[in-house]
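Each chain is listed here by its residues.
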Amino acid sequence: QQPVQSPQAVILREGEDAVINCSSSKALYSVHWYRQKHGEAPIFLMILLKGGEQKGHDKISASFNEKKQQSSLYLTASQLSYSGTYFCGTEMRNNNDMRFGAGTRLTVKP
Amino acid sequence: GAGVSQSPSNKVTEKGKDVELRCDPISGHTALYWYRQSLGQGLEFLIYFQGNSAPDKSGLPSDRFSAERTGGSVSTLTIQRTQQEDSAVYLCASSARERGGKDTQYFGPGTRLTVL
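Those protein sequences? They're chains A and B, same order as listed. Note that our numbering numbers the first sequence so that position 5 is 5, with each residue one more than the last. Heads up, our numbering is the position in the second sequence plus 1000, with the first residue counted as 1.
Note that these hints are calculated values from the structure, not bench results. Since this is a predicted model, take the numbers as computed values, not measurements. One thing to keep in mind: the hints can contain errors.
Simulated restraints, written as ranges between beta carbons of each label pair [claimed, not checked]:
no.	chain 1	residue 1	chain 2	residue 2	range
1	A	T107	B	T1013	29 to 37 Å
2	A	Y29	B	Q1041	24 to 32 Å
3	B	D1018	A	S81	37 to 45 Å
4	A	R13	B	D1063	44 to 52 Å
5	A	K68	B	D1018	43 to 51 Å
6	A	N65	B	Q1084	35 to 43 Å
7	B	A1054	A	I11	41 to 49 Å
8	A	N65	B	K1015	41 to 49 Å
C-beta atoms are modelled at their ideal positions from N, C-alpha and C, and glycine is treated no differently.
Please construct the entire structure, taking both the sequences and the accompanying hints into account.
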């Protein structure tokens, strides 16, 4: 039930863009995105509930393709502060708990 | 309190000993989760409490692990006869979700467990 994230790691220069993907083998009710900085707890970024829904958060946005059972997180014009590990969490229909992917380690360099 | 708190922040124990980890969720949050995160790894689901419903224990790795939530608030995760592979950061999260609703989770700072 654990979603699969790709890539596992990505290194960017400041100002570059990145896409992080999250896919599931089962139908999804919702997708959540979290970011965790080293030594800190994960923090919530956004939640997507409807197929095709896109949400934005500063220059970080996400889409949810319910049919394809996947979500993508888009980071545009990356900043140093974007560095961290990004996790997607998925909820199945009629299910109560969330499963997280293994994470994508993003490093933004000056 | 303002956020989720966990105690202790660090715990070093000897192999074979029992440990108890505590989580104080945000007041009023009905849902509480425990996760385990090994060094450089993702979040491994352990157990989920929702209101007065029976907890979802499907993520507990062995019968040495158990958890309870008293009065719908504080939760304790107990690991019996600890093993070195139990070493990890144990994270607790709570949310105000209702069944079938949105589930924004707020994480505590975690307890770093080291089993020698």
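Are Y29 of chain A and Q1041 of chain B spaced within 24 to 32 Å by their CB atoms? About 25 Å separates the Cβ atoms of Y29 of chain A and Q1041 of chain B, which means 24 to 32 Å holds.
Would you say the C-beta atoms of T107 of chain A and T1013 of chain B sit inside 29 to 37 Å of each other? holds (34 Å)
Quick check: does the Cβ-Cβ distance between R13 of chain A and D1063 of chain B fall within 44 to 52 Å? Given range 44 to 52 Å: holds, Cβ gap about 49 Å.
CB-CB spacing for K1015 of chain B and N65 of chain A relative to the 41 to 49 Å hint: Once the Cβ atoms are compared, 46 Å apart, the range 41 to 49 Å for K1015 of chain B and N65 of chain A holds.
Honestly, do K68 of chain A and D1018 of chain B meet the 43 to 51 Å range at C-beta? Cβ of K68 of chain A to Cβ of D1018 of chain B: about 46 Å, so the range 43 to 51 Å holds.
Starting from the hint 37 to 45 Å, judge whether the C-beta atoms of D1018 of chain B and S81 of chain A obey it. Hint holds: Cβ distance 41 Å, inside 37 to 45 Å.
Quick one: are N65 of chain A and Q1084 of chain B within 35 to 43 Å, going by C-beta? Holds - the Cβ-Cβ distance for N65 of chain A and Q1084 of chain B, about 42 Å, lies within 35 to 43 Å.
Just tell me: holds or violated, for the beta carbon distance of A1054 of chain B and I11 of chain A against 41 to 49 Å? holds (45 Å)
Hint compliance for this structure: every hint is met.
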